[in-house]
Every structure is written in C-alpha cells, then in structure tokens.
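Under UniProt numbering, think of the first position of the sequence shown as 1, with each following residue one higher.
No lab work stands behind these hints, which were simulated from the structure alone.
Treat the hints loosely; a few may be bogus.
Pairwise CB distance ranges, derived in the manner of DEER restraints [claimed, not checked]:
1. Phe-68 <-> Thr-29: 16 to 26 Å
2. Lys-5 <-> Ala-39: 14 to 24 Å
3. Ile-27 <-> Leu-73: 21 to 31 Å
4. Asp-46 <-> Val-80: 42 to 52 Å
5. Ala-79 <-> Glu-50: 40 to 50 Å
6. Leu-58 <-> Met-17: 36 to 46 Å
Note that CB positions come from ideal geometry on N, CA and C, so glycine has one too.
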Amino acid sequence: MSLSKFCCCAIGAGIAMLALIGIGIGIGTAGGMAVEGIARQPEAADVIKETLIFCVILPELFLALLAFTVSILIIFLCAVKRKEPHC
C-alpha cells in the first residue's frame with residue numbers, strides 16, 4: 001500500500017472522529033438543560049438526573065466509543081496492509 005493510500009486512511013479515521021464533536025455538543029447541551037431544570041425545580045432533581053443518565057448520556061457515550069473504535073480500526077487495518085516500513 002502506498003503512502004498516499006495510508007494518508008487517505010488516516011484522513012478517513014479523522015473524519016470518523018469528527019462524530020465526537022457532535023457528541024460533545026449534545027452532552028453539553030443536555031447537561032446544561034438538566035442543570036437549568038434542577039435550578040427551576042430542585043425537588044425534581046432525582047428524576048431529572050435519572051432521565052439525563054439513561055436517556056441521553058449513556059447512548060451518546062456509546063456512540064463516542066463506537067466512533068473512536070472505528071477510527072482506531074481504520075488506522076490499524078491500513079497499517080497492517082501496508083508493506084513498507086513505518087516512518
């Protein structure tokens with residue numbers, strides 16, 4: 001595999017990591033809204049926290065782990081197919 005193909009694999013892995021930007025924005029927005037909700041109704045803090053964790057944070061963290069795993073797989077699979085020595 002030529003160096004240009006390896007660079008394309010690295011760029012593809014970088015693009016896969018761009019998903020983490022959206023995930024970070026989503027988690028930040030959800031956390032901000034939860035804090036705002038707790039500030040408005042402190043007695044509902046437990047319900048808001050549970051809803052935040054189970055409906056927002058866990059799925060988004062799973063997607064972050066998936067995006068990270070895909071990008072690492074792209075890099076390692078391209079490195080295994082490459083015959084030239086690494087720089």
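Evaluated hints:
Checked against the hint of 16 to 26 Å, the C-beta distance between Phe-68 and Thr-29 comes to roughly 21 Å, which is consistent with it. The hint said 14 to 24 Å for the Cβ distance between Lys-5 and Ala-39, and at roughly 53 Å that hint is violated. At roughly 23 Å, the beta carbons of Ile-27 and Leu-73 sit within the given window of 21 to 31 Å. At about 49 Å, the CB distance of Asp-46 to Val-80 agrees with the hint of 42 to 52 Å.
The supplied range of 40 to 50 Å is met by Ala-79 and Glu-50, whose beta-carbon atoms lie about 43 Å from each other. Leu-58 and Met-17 have their C-beta atoms about 20 Å apart, which leaves the hinted 36 to 46 Å range violated.
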